[in-house]
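Residue numbers (the working numbering), protein chains in the order written: chain A, 151 to 241; chain B, 182 to 399; chain C, 606 to 832.
Hints in this document: simulated from the structure, not taken from any laboratory. Bear in mind that the values here come from a model prediction, so they are computed numbers and not experimental data. Idealized CB from N, CA, C, for every residue including glycine. Take these hints with a grain of salt, some might be off.
To be verified - Only pairs whose alpha carbons sit at most 20 Å apart, straight line, appear in this in silico SDA-like list of lysine to any residue: (1) 381/B with 231/A; (2) 381/B with 230/A; (3) 619/C with 687/C; (4) 381/B with 282/B; (5) 619/C with 726/C; (6) 381/B with 196/A; (7) 381/B with 217/A; (8) 381/B with 224/A; (9) 347/B with 282/B; (10) 619/C with 632/C; (11) 381/B with 222/A; (12) 381/B with 199/A; (13) 381/B with 242/B; (14) 381/B with 223/A; (15) 381/B with 219/A; (16) 619/C with 720/C; (17) 619/C with 670/C; (18) 381/B with 203/A; (19) 381/B with 399/B; (20) 381/B with 202/B; (21) 619/C with 767/C; (22) 619/C with 637/C; (23) 347/B with 385/B; (24) 381/B with 398/B; (25) 381/B with 204/A; (26) 381/B with 239/A; (27) 381/B with 238/A; (28) 619/C with 739/C; (29) 381/B with 214/A; (30) 381/B with 197/A; (31) 381/B with 236/A; (32) 619/C with 730/C; (33) 381/B with 209/B; (34) 381/B with 208/A; (35) 381/B with 227/A; (36) 381/B with 237/A.
As the list claims (entries may be wrong) - Residues from chain C that keep clear of chain B, each with C-beta distances beyond 10 Å, as calculated: (37) 611; (38) 650; (39) 700.
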Amino acid sequence: MKRLVLVIALIALLPDAVIHAQQPPPSPTVQEEFVPVSALPQAEQLPAAPLLIAAYAFVWVALMVYVWSLWRRLSRLERDLADLQRRVPKL
Amino acid sequence: MSRLFVPLLILAAALFAAAPFVVANAPFEETMGLVQKVFYYHVPSAMMMFVSAFVCGIASAIYLFRRSAVADRIAQAAGEMVVLFGLIVLVTGPLWARKAWGVWWEWDARLTSSLLLWMIFLGYLLVRRFGGPGSEKLAGAMALFGMANVPFVYVSVNYWRTLHPKTSVVMTLAPGMRAAFWFSVAAFVILYVLLLTLRKRLEDRQATVEQIYLALEE
Amino acid sequence: MTQFLRVAWVVMRKDLTIEMRSREIVYTTVFFAASCVLVFAFALVREGRPLEDAAAGILWISIAFAGTLGLGRTFERERHTETLRALMLAPSDRPAIYVGKLMGMLVLLAIVEAVLVPMVGLLFHAPVFARPLWLAALLAAGTLGFASVGTLFAAMLVRARSRDVLLPVLLYPITIPVIIAGVRGTAALFQATPDEPMARFWAALLVFFDVVFVTLSLWTFEPLMTE
């Protein structure tokens, strides 16, 4: 069951990695003539792609870390449960 | 719920695998261009944060007034969801804002109240962890105040001057964006249900272990 | 209804009577609030003069800190003598006990504010007597909002672990909107020409917070305090 979850999660990650490895689509506006950097509209002055990628990457990382922490707690509990069930017949 | 779990998991994985393609194919927004695409993860996360705050608040009220242990476990799970999705909102938002507004953060009504909502539920988790015996009830009260806070956070952007987009944006999206957005929302809803179920199951196991410990001590 | 009010009145009188004997909490809390104002005044001084618009913020922060301290101390006294459990055993309306404790807390904070407001006016050249009624209304509404949540949580935390650090952790995120509204309204009043419509807006918002917080607190006090 746990392995199935892990495999499915990895499969879901793959196309995401492929998309982010590709170049981002070109900016919709095309420059016709020379425009000094200071006169460019605000949107041109910071590359958006790193921010976008960082945002999406963070979402994935946060979710993965959470799922991993759930997994860890669940394993510890199941170990405790098995331990207890061994002790119970001894009573 | 257990029978639906694996099918929903596969569906969620499929949706999230398709999401980057769907988002990449959505039309560009006029003023913000590429960075606006954070919207497709930022807003569904915020929606899940609000939904979870309501789930936690209602479950806490049921626990406080009906003493239902199951409601308490759902509340604990939902509380963690608020913090998780809230963290996503509070990190993806500034990453978007850096490009769209020029600053990482602004102390306007929407951002401040969202941060406070997140901190209320962070306090909820802290109380449950470190409050000692009887802390579930106190945490329940926190959750109720947190739930009361959510409508305020939601409408704050309509009544105060702020850089943050207003609530009318979601209902007036362009058709191409609308499909991508609701696709993302569907993916996040299923993910939320799955995570909530998993976390509640963890709480159930925890309760079982504690019962056995107690029975052993007798 | 009258029974409810009578119980609340009795609880408040009990608290104030005990407090008047030693006056320990009043003196120490007022002194602490005054020290807060002084610390902020020194920290925000430029060329021997404090920052112009700092008065409103410093006033409300000092009230919030003093309130947290006072809440902790008042309920610590309850915990020490186990009177809270005795109160819960009494055959009276639980919310009435909450209201009594809240009123006692409001009296304490009113005394603190009576000292702080002239002090802030003096140190920061703030026109505290320009619109005294509006200022009093803002302070009353804001203090009620802060104290209503604070009394609920402090009463709950009496039996909890780590209670000293948990009270601010739980209280501040919920009451910061109240503080913000109070600061904004007070800042509007402290301007060269007091902005009354602005102060009225923030006062209305404070009243809205008060209604929500007091209602929630009354509703949850009983299930929270019963074992």
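Do the hints match the structure? See the list:
no. : hint             : result
1   : 381/B with 231/A : holds (17 Å)
2   : 381/B with 230/A : holds (18 Å)
3   : 619/C with 687/C : holds (15 Å)
4   : 381/B with 282/B : violated (39 Å)
5   : 619/C with 726/C : violated (34 Å)
6   : 381/B with 196/A : violated (43 Å)
7   : 381/B with 217/A : holds (13 Å)
8   : 381/B with 224/A : holds (11 Å)
9   : 347/B with 282/B : holds (15 Å)
10  : 619/C with 632/C : holds (18 Å)
11  : 381/B with 222/A : holds (15 Å)
12  : 381/B with 199/A : violated (37 Å)
13  : 381/B with 242/B : holds (17 Å)
14  : 381/B with 223/A : holds (12 Å)
15  : 381/B with 219/A : holds (14 Å)
16  : 619/C with 720/C : violated (24 Å)
17  : 619/C with 670/C : violated (25 Å)
18  : 381/B with 203/A : violated (32 Å)
19  : 381/B with 399/B : violated (27 Å)
20  : 381/B with 202/B : violated (32 Å)
21  : 619/C with 767/C : violated (27 Å)
22  : 619/C with 637/C : violated (24 Å)
23  : 347/B with 385/B : violated (40 Å)
24  : 381/B with 398/B : violated (26 Å)
25  : 381/B with 204/A : violated (30 Å)
26  : 381/B with 239/A : violated (28 Å)
27  : 381/B with 238/A : violated (26 Å)
28  : 619/C with 739/C : violated (31 Å)
29  : 381/B with 214/A : holds (18 Å)
30  : 381/B with 197/A : violated (42 Å)
31  : 381/B with 236/A : violated (25 Å)
32  : 619/C with 730/C : violated (39 Å)
33  : 381/B with 209/B : violated (39 Å)
34  : 381/B with 208/A : violated (24 Å)
35  : 381/B with 227/A : holds (13 Å)
36  : 381/B with 237/A : violated (26 Å)
37  : 611              : holds (27 Å)
38  : 650              : holds (24 Å)
39  : 700              : holds (14 Å)
Hint check: violations occur at hints 4, 5, 6, 12, 16, 17, 18, 19, 20, 21, 22, 23, 24, 25, 26, 27, 28, 30, 31, 32, 33, 34 and 36; the rest are consistent with the structure.
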